[in-house]
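Generate coordinates for the entire structure from the input sequences, incorporating the hints supplied.
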Amino acid sequence: MLEAVGLAARLHYRPDRLSGGEQQRVAIAVALANNPPLLLADEPSGELDSQTAESIFDVFRSLNEAYGVTIVIVTHDIRITDKVDRVVTIRDGRTSLETIREPRFRQPDAGLRRILGEFVVLDKAGRLQLPKDYIDKLNLKERVRVLLADDHITVWPEESQKREDR
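Read in UniProt numbering, the sequence shown has 145 at position 145, and its numbers run on one by one without any break.
No lab work stands behind these hints: they were computed from the structure. Heads up, none of these hints are tricks.
Derived lysine to aspartate or glutamate pairs resembling EDC-like cross-links, with alpha carbons at most 20 Å apart:
1. K83 <-> E54
2. K141 <-> E159
3. K83 <-> E43
The following label-pair restraints were derived from C-beta to C-beta distances:
4. A66 <-> K137: 38 to 44 Å
5. L140 <-> Y13: 51 to 57 Å
6. Y13 <-> L38: 24 to 30 Å
7. Y67 <-> A149: 43 to 49 Å
8. A66 <-> V88: 21 to 27 Å
9. P103 <-> V146: 33 to 39 Å
10. L116 <-> V72: 17 to 23 Å
We put the beta carbon where it would ideally sit given N, CA and C, even for glycine.
Here's what the structure looks like:
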């Protein structure tokens with residue numbers, strides 16, 4: 001596993017002789033030692049500089065491709081969004097947005113991949129969170145009007161909001 005995370009040359013090094021990024025790679029290798037189907041990573045780039053963080057994200061991508069392990073990464077580091085096929089955004093403690101990108105095998109050398117879909121998540125109670133930039137652009141406040149058409153729903157500011165904003 002150390003070879004898979006790029007640390008074969010450090011096999012005989014003590015932990016205190018490894019950099020933060022190398023220690024993170026060792027932790028990833030240990031987590032994969034029993035060949036799990038799922039790897040959970042909580043803020044894997046939290047204590048790393050941006051260049052090292054990028055390399056850790058690249059390790060996750062290569063492990064996913066080489067071993068087929070599903071990797072779930074919880075992070076505030078938005079640089080990862082271009083390196084993964086699927087991003088689930090959580091806002092105010094709720095799943096709010098899901099972005100699905102074209103799989104990397106279709107564009108192996110591409111840094112930025114085409115977004116296949118961006119979806120607002122509808123929860124079991126029928127609630128959805130509109131993207132914050134939509135709310136800001138339309139100056140939506142506490143209530144909105146909703147109209148059901150044959151194949152879609154339209155949302156717009158409450159009439160009284162429009163008058164107040166003029």
